[in-house]
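Asks: Sequence:
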Amino acid sequence: MPHADRTPVTLIGLGPMGQAMTRTLLAAGHPVTVWNRTPARASGVVADGAVLAETPAQAVEASELVILSLTDYQAMYDVLGDATSELKGRTVVNLSSDTPDRTREAADWAAEHGATLLTGGVMIPAPMVGTEEAFVYYSGPAETLEQHRATLSLIGTPRFLGEDPGLAQLMYQAQLDVFLTTLSSLMHATALLGTAGMTASEALPELIGMVRGIPSIMDAGAENPGADIDAGKHPGDLSTITMMGATADHIVGASEAAGVDLGLPRAVQAHYRRAIEDGFGGDNWTRIIDGIRNPR
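In the numbering used here, the protein residues as written are 1 to 296.
To be clear, the hints were calculated from the coordinates, so they are not data collected in a lab. Just so you know, not all the hints are guaranteed correct.
[What the hints assert, rightly or not] Within a straight-line C-alpha distance of at most 20 angstroms, the following computed EDC-like cross-link-like pairs (lysine to aspartate or glutamate) qualify:
1. K88 / D48
2. K233 / D261
3. K88 / E112
4. K233 / D249
5. K88 / D108
6. K233 / E277
7. K88 / D78
8. K88 / E61
9. K88 / E105
Fair warning: this is a prediction, and the values are worked out from it, not measured in the lab.
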């Protein structure tokens with residue numbers, strides 16, 4: 001039976017993440033109402049104790065706290081478009097992915113219908129929901145997060161970024177920028193090694209070791225790399241744009257000779273060539289941020 005001090009929660013969207021969050025909330029004693037476009041996806045969580053609403057309006061009406069786990073923000077409009085009258089007085093926590101501008105527009109849309117939008121970015125995969133390693137970025141009204149902190153903390157530790165509803169989404173996309181680029185580089189490097197007969201089973205452990213070593217490499221170059229960048233300091237005593245740019249050229253050459261895709265290495269090469277053209281060949285590799293900030 002739900003605990004008397006556990007507030008009801010509505011969760012809309014029952015992909016792997018939505019199902020994991022529903023089960024985590026149920027395990028903590030919260031009554032959970034769910035809705036999904038494909039009702040069959042709800043069978044597992046209903047068996048665990050969730051209540052399946054017949055319509056989005058019924059789902060929203062069931063709880064003051066409404067959590068969305070959808071594909072994007074357009075899906076929010078598609079699902080809740082016929083439930084706007086039920087939104088009044090609700091807190092909508094949208095954990096879907098989209099652009100910061102779309103998030104800010106959604107906050108205005110929610111306010112027009114009497115609801116408060118809290119933007120969230122879940123930074124772990126579904127199997128890690130509710131674990132000590134789980135964390136979620138949030139932005140929007142601070143008091144709204146505090147009001148629901150105990151419940152939302154069950155999903156993952158909240159990390160509040162500020163009042164701008166676009167901030168959590170921007171951080172989410174920035175984190176995935178690093179993640180997706182790293183994954184692509186791992187596959188590119190694996191393909192490159194494969195042209196010499198090395199299997200992925202042999203290559204990936206070596207390449208992942210490089211990924212794990214990057215924090216130590218960065219720490220060895222500066223006590224606080226971020227502070228140096230903020231101060232406009234790019235000392236080239238350990239590595240220079242010219243040196244790193246030559247390496248980027250070699251990677252492009254090796255990839256071209258091997259016949260693998262050149263998109264990623266050429267993009268990296270372009271960062272160093274721009275910095276050299278701008279006269280920063282003797283600076284640290286971090287100087288490439290200037291060209292990234294101000295593309296031609």
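Asks: Where does the structure disagree with the numbered hints, that is, which hint numbers, in rising order?
Replies: Structure breaks hints 1, 2 and 4.
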